[in-house]
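Peer 1: If you want the building blocks of each chain, they are given just below.
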Amino acid sequence: MEKKDIIQSFKDSLFTGLIALALFGPIVGLRTVSKGEGLFITPQWGIVFLLVGLCILGRFLININSARRTEFKIFSTLSSKLSSITEDKAKHFAITGILFAVVFPFLPFTDRYFMDVAIMILTYIMLGWGLNIVVGLAGLLDLGYVAFYAVGAYSYALIATTFGWSFWICLPLAGVFAAFFGILLGFPVLRLRGDYLAIVTLGFGEIIRIILINWYEVTNGPDGITGIPRPSFFGLPFKRSPDEGEISFHLFFNLEYSTMHRIIFLYYLILVLALITNYFTLKIRKLPVGRAWEALREDEIACKSLGVNPTNTKLTAFAIGAMFGGFAGSFFATRQAFISPESFTFIESAIIVAIVVLGGMGSQTGVVLASIFLIGITEMFRDLEQYRMIAFGGAMVLIMVFKPKGILANRKPTILMHGDKK
Amino acid sequence: MSNLLSVENLTMKFGGLTAIDNLSFDAKSNQITSIIGPNGAGKTTVFNCLTGFYKPTNGQMFLYKEDSKISLRKYTDFKIAYVAKVARTFQNIRLFPAMSVLENLLVAQHNELMVASGYSLFGLLNLKSYRDKEQLAVDKAKYWLDIIGLTHRADDNAGDLPYGDQRKLEIVRAMCIEPRLLCLDEPAAGLNPKESAELNKLLKFIKTEKQTGILLIEHDMSVVMGISDHVVVLNYGKKIFEGTANQTKNSKEVIEAYLGVDE
Chain A
0 MEKKDIIQSF KDSLFTGLIA LALFGPIVGL RTVSKGEGLF ITPQWGIVFL
50 LVGLCILGRF LININSARRT EFKIFSTLSS KLSSITEDKA KHFAITGILF
100 AVVFPFLPFT DRYFMDVAIM ILTYIMLGWG LNIVVGLAGL LDLGYVAFYA
150 VGAYSYALIA TTFGWSFWIC LPLAGVFAAF FGILLGFPVL RLRGDYLAIV
200 TLGFGEIIRI ILINWYEVTN GPDGITGIPR PSFFGLPFKR SPDEGEISFH
250 LFFNLEYSTM HRIIFLYYLI LVLALITNYF TLKIRKLPVG RAWEALREDE
300 IACKSLGVNP TNTKLTAFAI GAMFGGFAGS FFATRQAFIS PESFTFIESA
350 IIVAIVVLGG MGSQTGVVLA SIFLIGITEM FRDLEQYRMI AFGGAMVLIM
400 VFKPKGILAN RKPTILMHGD KK
Chain B
0 MSNLLSVENL TMKFGGLTAI DNLSFDAKSN QITSIIGPNG AGKTTVFNCL
50 TGFYKPTNGQ MFLYKEDSKI SLRKYTDFKI AYVAKVARTF QNIRLFPAMS
100 VLENLLVAQH NELMVASGYS LFGLLNLKSY RDKEQLAVDK AKYWLDIIGL
150 THRADDNAGD LPYGDQRKLE IVRAMCIEPR LLCLDEPAAG LNPKESAELN
200 KLLKFIKTEK QTGILLIEHD MSVVMGISDH VVVLNYGKKI FEGTANQTKN
250 SKEVIEAYLG VDE
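First to last, the sequence lines map onto chains A and B.
Residue 231 in numbering that gives the first Met the number 0 is what sits at position 232 of the first sequence, and the numbering runs on without skipping anything.
Residue 123 in numbering that gives the first Met the number 0 is what sits at position 124 of the second sequence, and the numbering runs on without skipping anything.
Hints were generated in silico from the structure; no laboratory data involved.
Beta carbons: idealized from backbone N, C-alpha and C, even for Gly.
Treat the hints loosely; a few may be bogus.
To be verified - If you want a taste of the chain A side facing chain B, the calculated C-beta under 10 Å gives, among others: (1) 33; (2) 35; (3) 37; (4) 41; (5) 275; (6) 279; (7) 283; (8) 285; (9) 293; (10) 301; (11) 303; (12) 312; (13) 415.
Next up, chain B with everything else stripped away, as it sits in the complex:
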């Protein structure tokens, strides 16, 4: 179980506000690392720094790749997903609602398909090499839809799916870019207990079968405690605790951060 991600002294300031203050933690591949904390603790800001939406004020983030390590600071915007292979989902679901479920999964494979279509030239000529590649992309989409049980709705608009299915679709769409690290921002928000249980199963499957490290922001403790291998607790941008799920449950600092201190 090797190190996948190490965040070193990450600091993010918005004007006078320090959203993340000197944060360091590691995440390992084949593990689910949860980041928890009260609202406004800076969890989503950590994600936005990792996935290139913000440029951190200070600190380093490294992603380990076999023997080498790459600095995520160097990549911004779409390159995080394209080059560094860090995928993410969003707190408020961001699917392409007016496009079909299958199309959503194909857009995630855009870059491979773009090359296969000879930047549209082979595609316009309808060459066999492109059609084969497209079929492979559809097969991959079908593989993931089978796992989340949505194959029968592949041709329906993504926006017409029930909320829980949209959540799952967003996760497998991110998986279609074959990420090394998958960042999930509150995937269980708004799910009922049955759907949360299904989500746990899906995340465990990704962790064990796909060799992908998962970074998870979550408020739903049944999800966090059920599947996390490692928990990082933030409060006011600072790390107040780090450990296994069980250690976290019993930590005095964490309980204080969530429930307040006895006077």
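For reference, chain A alone in the conformation it holds in the complex:
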């Protein structure tokens, strides 16, 4: 490399540092601290210089790297590793993944915290799989998916607290309600596509949240609903001292009482729900309606010219996607025992869409990888508090740089004429 190149890239990195200084200076450098009678600004230039220095160094390395026209080994290996994940290997991954998920609660290092994170990841996987029907298969960009999650959670909570019905009756009802709302949203947006559809669904998500806040008589407004019944193990509650005439789980199985029992049960519950979602999606994708969804995503006008009814096709996609969102919502309600509109903000929708898009549109295994990656990384950096969103953003940037079409972008045909050649 010539000296001129080095000087050039050094100048460029200094310029980058200038931009970084302009950004980080006010955002990170000036920190407001409340002391007694008011807010005071405490400068923290140390961190700013560290960040700016990192930017300059990073930019310099990238410049040198591109000037040499070869890649750093770490980038190339990472990139080739990621691109070698194909849908064929994904099958082995899926089987090992499911086995691992089944034994996970009994591994020696698994503690309460790990279980909570695992349950959260599984909830997002289920939501991702549900949204995958709408976004990945039918190609309808839905930015308000959290609305169905909320409808499911609130229907479950209201039915369970009002009528005292068991989880297994409330769950399908919550799904039906969510599907109904899916159709309700579907009708007005039938003619919309792409950006316009995204805006309307975004609005729909907000409308549901605002209704939940303001319809105080039914939803209890911002206070939320408390005392949602916990799930029971087929009639056996997870309680230390059960009520009169009731046998609780640990007494029935002669176990020492532990709060972990309920957590493990919840874990398996969401695992089964998620796997049902996955199985259903994989099945329906190979049926005519699934193929019609994908055809609709590819070309709606061609669909019409072949006699495919676009209205029914879109509405089924919305309804089925919403139904699974509703199932996930009722699981969320029973797990938390408390829900409020704050749990159903736009950021949730955005995360679910990010999972589907980063996983690779329409890829089931991709959703799993993206959920683990995104939720896991944000959890790993929980100690960084508010900066953990940077980790979230960084993870997204990494995937977009190395796999712009998503982690698993290979689509396998739903039916083969010549069988599997590989």
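Given the structure of chain A, go ahead and fit chain B onto it with the hints provided.
Peer 2: Then chain B, alone, in the frame of chain A:
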């Protein structure tokens, strides 16, 4: 050779612009009827009216079915293909590029398969009755792929096929709905002479073997003159000539419309 389609006094106006002006013509089954004319003559608008994408301002279109006749005006949107069995292809190819060739042909059989799958219920239960029907649909797809010589690429993405093959695939996909009338919008556009010759063969096969009437918009005169039984010439939305291919070739009006009038 019975009448298949009759268009009567069809008029289509977009605001102040009259795209089709009082057009009447007939098309017979087992015949290829070509609609030709300079650019902007209103050919594609005629197709869009016939296939339900536009609602004509005025006029009637009838499709004859054994003894009865049905009015195409009554059907819009997807029902034209589903109920009236009028299929079409597009000027710019509209395949499902990310789906396999076979899947493209199965989507064309969506409605029969949907019933066979009990609106997904039997399909989810994986009943034999559904699997048999699906196999029949695959066989039908294979039949058409054999004809256009694409069977070996059945599992490849439709978007990965060469341009000429995509054109042929779009035509056989339309044939999979078993149409009574097939409307082809410039099927030879962008094809080389060898591919055009293959296209002629395919269209002749459909005409003779499948008892399907073909309505053809085309600029490639080697295709039009080679296979048309009947030619309708449009200019500025009006019919200026109607006759056999040979008559058209020698018609003064047609030559004027294409090449201009001697001063």
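Peer 1: Indicate, hint by hint, whether the structure satisfies it.
Peer 2: The hints, checked one at a time:
| no. | hint | result |
| --- | --- | --- |
| 1 | 33 | 55 Å, violated |
| 2 | 35 | 63 Å, violated |
| 3 | 37 | 60 Å, violated |
| 4 | 41 | 55 Å, violated |
| 5 | 275 | 12 Å, violated |
| 6 | 279 | 8 Å, holds |
| 7 | 283 | 6 Å, holds |
| 8 | 285 | 8 Å, holds |
| 9 | 293 | 6 Å, holds |
| 10 | 301 | 4 Å, holds |
| 11 | 303 | 5 Å, holds |
| 12 | 312 | 9 Å, holds |
| 13 | 415 | 5 Å, holds |
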